[in-house]
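Asks: Residue numbers (our numbering), protein chains in the order written: chain L, 1 to 271; chain A, 272 to 554; chain D, 555 to 995.
Just so you know, the hints here were simulated from the structure itself, not pulled from any lab data.
It should be emphasised that the depicted structure is a prediction, and the values quoted were computed from it without experimental measurement.
Ideal Cβ placement from N, Cα and C applies to all residues, glycine included.
One thing to keep in mind: the hints can contain errors.
As the list claims (entries may be wrong) - Straight line, CA to CA, 30 Å or less: simulated DSBU-like cross-link-like pairs of lysine-lysine: (1) A/404 - L/129; (2) D/803 - D/982; (3) L/215 - D/982; (4) D/755 - A/404; (5) D/982 - A/404.
Stated by the list, open to error - Some chain L residues flagged as far from chain D (calculated, every beta-carbon gap over 12 Å): (6) 4; (7) 67; (8) 97; (9) 98; (10) 108; (11) 122; (12) 172; (13) 212; (14) 227.
To be verified - A few chain A positions that, by computed beta-carbon distances, are all more than 12 Å from chain D: (15) 318; (16) 413; (17) 454; (18) 461; (19) 479.
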Amino acid sequence: MRKFYRELPPLALLLVALVVVIFPYVWTLLTSLKPEAAINRPLDWNFTPTLAHWQRVLLESNIPLQVRNSALVGLFTVGIALLLGAPAAYAFSRFRAGGSSLRFIILAAQMLPPAVLIVPFFLIMYNLKLLDSIWAVVATHLTFALPLVTWFLIGFLDDVPRDLEEQAMIDGCTQWQAFYKVILPTIRPGLGAAALFAFILSWNDLFYALLLTGKESATLPVGIAGFWTFRGIEMGQMSAAIILAILPVTIASFFVQKYLVRGLGGGALKG
Amino acid sequence: MHIAFRYRLLLPLITALLLIVGYPLGFSFWVSLQDYRLTAIEGATWIGIEHYIALLRNNSFWTALRNTLVFVATAVSLELLLGLSLAMLLHRRTTLGRNFFRSILLTPMFITPIAVGLMFRFLLNSQLGVITKLTEAIGLRIDWFSAQNALLTLALIDVWQWTPFMLLLLLAGLEALPEEPFEAARVDGASAWQSFWHLTLPMLRPTLLAAIVIRMLDAFKVYEYVYAITRGGPGESTETIQYHIYRVGFLYYRLGEASAMAYVLIAVILVLVVTLFYSLRRA
Amino acid sequence: MKRFLLKPLLTFALALTACAPMTTTPVAPSPESGPASVQPVTLTVIMEQVPDYDIVAELTKEFEAKYPSINIEFEAMPYDAMRDKLLTSFLASKATYDVIIVDNPWMDEFAKAGFLLPLDDYIAKETGYDFEDFVGPLREIGRVEGKIYGVPYYNYALGLIVRQDLFDDPDYQAKFKAKHGEALQIPTTLEGYLKVAKFFKEQGIHGIAMQPQRGYKVFEEWKNWLYAAGGNLLDEQGNVIIDNAAAQKALELYITAYREAAPPSSLNWGFDESLRAVAAGEAATMISYNWMLPTLNKPDGPAGNLAGKFALYEVPGGKAVLGAWHWAIPKNTASADAAWTFIAWLTSKETDKQRVIKGGAPIRVSVMKDPEVWQKGFGQQYYETVLKILEDAEPLARGTRAEEIINEVGTFLNSAVAGSMSVNDALKAAAEKTREIINRP
C-alpha cells in the first residue's frame with residue numbers, strides 16, 4: 001500500500017501533462033461540431049452538435065483536392081527518397097564511404113533553414129515553368145527527406161551483421177543482389193519507419209508549399225492556413241480541416257514511434 | 272570506366288543533393304549579389320556586396336535575428352527541462368501505464384505546425400479563447416499576445432509541440448545507460464538526487480548535446496506560428512528571421528536582399544553550432 | 555520487399571504521364587476572327603474569398619447564358635495568399651489567371667512592372683459603358699501614368715458605424731448633457747469622437763472597437779484619424795510628412811482612445827475581432843468598411859437581435875481612407891478580348907445595379923442614385939451616405955512600393971500603440987523608413 005502512495009505524485013504529473021497535450025485536440029474537435037453561434041460562447045455547453053462544418057469542408061471546399069495533393073506530394077517524396085537514400089545509406093554503413101564528414105554534410109543539408117532555399121527554388125521553378133505544380137513542392141521536400149531517410153537507414157543498417165551479405169556472396173549473389181535481396185528485407189521495419197516519418201514531414205510542410213503551389217497544386221496546410229486571415233475567418237470549418245490534417249498523422253505516429261529513436265540517432269546517439 | 276561499388280551506391284544521392292541543395296545554394300549567392308526584384312526579373316543588375324553592407328544598418332533584420340535567438344533559447348531550454356523531467360518519470364519501471372502515456376504524450380510533434388498555431392490562436396483568443404475565459408474565471412487576466420508576452424507565448428506553443436521530441440530522444444538515451452553504476456551508487460547509499468546529478472546527467476551528455484543541437488536548428492526555422500498568429504506583431508516583437516525573409520522576398524518582392532539575409536543567417540547558425548559543440552564537449 | 559520498392563516506382567511512372575494534362579491552356583481567339591465569342595474560351599478569374607465573391611459568381615450564370623462560348627472558372631482565395639499567387643501567374647509563361655482583381659496598393663506596382671494590359675482602347679470602344687459614371691476617387695486609382703489599367707469592382711472605403719439606439723437613448727443623452735454640457739451626437743471631430751467614446755466606456759460599453767493590428771489594419775484605421783487631424787503620408791510635392799505636428803496629434807489621440815475607450819487586450823485586433831465585438835453589443839462604434847452596415851443590420855446576421863440598430867456616417871473629419879478592388883487583365887493572358895467582354899459586362903450599369911441590389915459594394919454614381927436600388931437594397935440614406943464617403947476619400951497609399959510602406963509604417967504605429975515606442979520616435983522612424991523606401995533605386 002505504501003508503494004502505491006509513492007506512485008501517486010508521478011502519476012499525477014503525467015496526468016497533468018496528458019491533459020495539456022489532449023485538451024487542444026478535444027477542443028478543436030468540439031468546435032468543429034458546434035454551430036457558429038455557440039463558437040462565440042466558449043464556455044456554453046448547451047448546444048446541439050452539427051455536422052454542417054464537416055459537410056462544407058468535405059463536400060463544398062477545396063480541402064479534398066488538397067488532401068489528395070498532400071498525399072501525392074508525400075508519396076513521391078518518400079518514393080524518391082527511399083530509392084536514392086537506401087543505397088547511399090548502405091554505402092555509408094558498410095564501406096564508410098566518404099568518411100564521417102560526408103555523412104555530416106548530408107545531415108547539414110537537412111538542417112538548412114527553408115528561408116535559405118526558397119528564393120532560388122522559386123526562381124528555378126519559374127524558369128522551368130513548374131510554378132503551381134506538385135513537382136516543385138516534391139523537389140523542395142526532397143531537400144529534407146533525402147538526408148533524413150539516408151541518415152535514418154544508416155542507423156538500421158549498422159545493426160545488421162556483416163556475415164549476412166558475406167554468406168549471400170558465397171552463395172553466388174553479386175554485391176548488388178546481396179544488398180537488395182538480403183540486406184534490404186532485414187531492415188524492413190526501418191524502411192517503413194523512415195518512409196512514414198518522411199511522409200509526415202512532407203505532409204506537414206507549409207512554407208515551401210505556400211509559395212510554390214497554386215490553384216491546382218495547393219496542399220492541405222496551405223488550405224488550412226487560408227481559414228484565418230485578417231479579412232475573414234471560418235472557425236468551425238477550420239477546426240474540421242485541422243482534425244482532418246492531424247488524424248492520419250497521429251495514427252501513423254503510433255506505428256513509427258518505436259523505431260524513431262533508432263533512426264534519428266543515425267549512430268550519433270551511440271557515440 | 273570502373274567505379275567502385277560503394278560510389279555507385281552513393282552517386283544517385285550525391286547527384287540529387289547537388290541538384291536540389293548545392294545548385295540552389297550557389298544560385299542564391301549569385302542572386303544575393305544582384306538587385307534582383309520580382310517585378311523586374313529581367314532587369315536585375317550586378318551590385319556586388321551592397322546588400323550585405325546595407326544589412327549592417329538594417330534594424331528590422333537584426334531585431335528579427337534577436338527575436339529568433341530569444342525564441343530559440345527560451346523554447347529549447349524549457350523543452351529540455353520538461354523533456355528531461357518527463358523522461359525520468361516515464362523511465363521509472365514502477366510508473367503505471369508508461370507505454371500509454373508515452374504514445375499519447377509524443378503525438379504533438381507529428382502535427383502540422385500551422386494547425387498547432389491556429390489551434391492556439393483560437394484557444395488563447397481574447398474574445399473566443401477557452402483558455403482566456405477559464406483563466407479569467409479564476410481572476411487571472413492574461414493578454415497572451417501583448418507586446419511583452421507575444422514572443423514568450425509563441426515559445427510556449429513551441430514547447431507544447433516539441434517537448435515530445437526531447438522526451439523521445441532523452442528516453443532513448445536513458446534506456447541505453449548501463450545498470451551497474453546505479454546499482455553501485457544505491458549500495459553506497461546515494462540519494463536519488465545524487466545519483467541523478469552525478470551519474471545520469473554526465474552519462475547522458477552525448478544524448479543531451481545531440482538533442483539540444485537538433486532542436487535548436489529546428490527552432491531556428493520557426494515560421495508557422497508567426498504566420499498563423501501574430502504576423503510579426505505587435506510592433507516587431509515576434510518578427511522572426513524566417514518570417515522576415517519571407518516578407519522581404521515575397522511580399523516586397525526583393526529577392527536579392529532576401530538571399531543576402533539568408534546567407535547571413537547561415538553564418539550565424541554555423542558560428543552558434545560550432546561554439547555550442549566545443550563548449551559542451553569541453554565542459 | 556520488391557513490392558515495397560515497386561509501388562513508388564510505379565506511382566512515379568504514372569505521375570510522369572499524368573503530369574501533362576495538369577495545365578489547361580485557354581484557347582485564344584485570334585484577333586482577326588472578328589467577335590471574341592467564336593471559339594470556346596475558358597477564363598480563370600481570381601477572387602478574394604469573401605461574400606461579394608458569391609454575388610459575382612451568382613451573376614455570372616447570366617453572363618454564361620448570354621455568351622455561351624465563354625466559360626468562367628473562379629478561383630477564390632484568402633486575401634493573404636493573393637499577392638504571391640498573382641505574381642506567380644504574372645511570371646508564368648502562360649497566365650494562370652485571365653481576369654484578376656488588384657488591390658489599391660498594388661495598382662501602380664503591377665502596372666509599372668508591365669504586368670497589366672492598358673484598357674483605354676477597350677473602354678473607348680465599349681458603347682454605353684460610361685466610364686465617367688464610376689465615382690471619381692475610385693476611377694483615379696485605376697489610372698497609372700495617364701493610362702487606365704483597372705476598372706473599379708468594389709469599394710473598401712471606411713465609414714463610422716455606430717449603434718444608433720445608444721445615441722438615441724434619452725438616458726444616455728441626459729447623462730452626457732449633465733457631464734459635458736452638450737448634446738450626445740454623432741462625432742464629427744477627433745476630439746468629439748474621443749469624448750463620446752470615453753463616455754460610453756464609463757457607461758460600461760466599449761467606446762470604439764479599434765483595429766490596431768500591426769501592418770495593414772492599423773495603417774488603414776489610423777489614416778482616417780490622420781486625415782481628420784489635417785495630416786497625410788505625403789504632401790502635394792511628394793515629401794514625407796508623416797512626422798509633422800498633425801500626425802503627432804492624430805497618433806496621440808488614437809493611442810488615448812485605445813487606452814481609455816477600446817476593449818482591453820485588443821492590440822492585435824483586426825477586422826473580424828472588432829466586427830464581432832460590435833455585433834455582440836460590446837462596443838458602441840467602429841471605423842470599418844461602409845458595406846458592413848447591411849451585414850450588421852441583416853435580421854439573421856451576426857448581430858442577432860441587435861440587427862437594425864446600426865447606422866453609417868462619415869468618419870470624423872469627413873475625409874475617409876479609400877481601399878478598392880479593380881478588375882484588370884494580365885498582359886500574359888491568351889484571352890484578353892474575352893476577358894474584357896466579361897469585365898465590361900460585369901461592370902456595366904445594368905449588371906452593376908443587380909450586384910449592388912444583392913448587397914455588393916457600390917462603385918457607380920448612377921447606381922447609388924437609382925430609386926430602384928434604394929428600394930430593393932438598403933434604403934436611400936445608406937446609398938447617399940456611401941456616395942458622400944466615396945466622393946471625399948483618398949486612396950490608402952499609392953506608388954510602386956505602397957505595400958511595403960503600409961506594412962512598415964503600420965509596424966511603427968502598432969509599436970506606439972503597444973507603448974514600446976514613443977509617439978515621436980515611432981513617427982520619426984516611420985518617416986525615415988518611408989523616405990528610404992521611396993528613394994531606393
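Asks: Would you check the hint for residue 755 of chain D and residue 404 of chain A, treating anything up to 30 Å between C-alpha atoms as holding?
Replies: Holds, at roughly 21 Å.
Asks: Going by Cβ atoms, does residue 122 of chain L stay more than 12 Å from chain D at every point?
Replies: violated, 9 Å
Asks: Confirm or reject: residue 4 of chain L is not an interface residue toward chain D, with every Cβ-Cβ distance exceeding 12 Å.
Replies: Nearest chain D Cβ is 45 Å from residue 4 of chain L, so the label holds.
Asks: Please confirm whether residue 67 of chain L is truly not at the interface, meaning its C-beta sits more than 12 Å away from all C-beta atoms of chain D.
Replies: The claim holds: residue 67 of chain L sits with its nearest Cβ about 16 Å from chain D, beyond 12 Å.
Asks: Does residue 404 of chain A lie within 30 Å of residue 982 of chain D when you go C-alpha to C-alpha?
Replies: violated, 39 Å
Asks: When you look at the beta carbon of residue 479 of chain A, is every beta carbon of chain D farther off than 12 Å?
Replies: Answer for residue 479 of chain A: holds, closest chain D Cβ roughly 36 Å.
Asks: Just checking, residue 172 of chain L versus chain D, shortest CB gap more than 12 Å?
Replies: holds, 19 Å
Asks: Is the straight-line distance between the alpha-carbon of residue 404 of chain A and that of residue 129 of chain L 30 Å or less?
Replies: violated, 50 Å
Asks: Just want to verify: residue 212 of chain L was marked as not at the interface with chain D; is every Cβ pair farther apart than 12 Å?
Replies: It is violated; residue 212 of chain L is separated from chain D by about 8 Å at its closest Cβ, not greater than 12 Å.
Asks: Determine whether the non-interface label on residue 461 of chain A survives the test: each CB of chain D must be over 12 Å from its CB.
Replies: holds, 50 Å
Asks: Regarding the assertion that residue 97 of chain L does not contact chain D, is the least Cβ-Cβ distance greater than 12 Å?
Replies: holds, 21 Å
Asks: Looking at residue 413 of chain A again, its CB stays over 12 Å from all of chain D?
Replies: violated, 9 Å
Consistency with the previously given hints fails for numbers 1, 3, 5, 11, 13, 14, 15, 16, ordered from lowest to highest.
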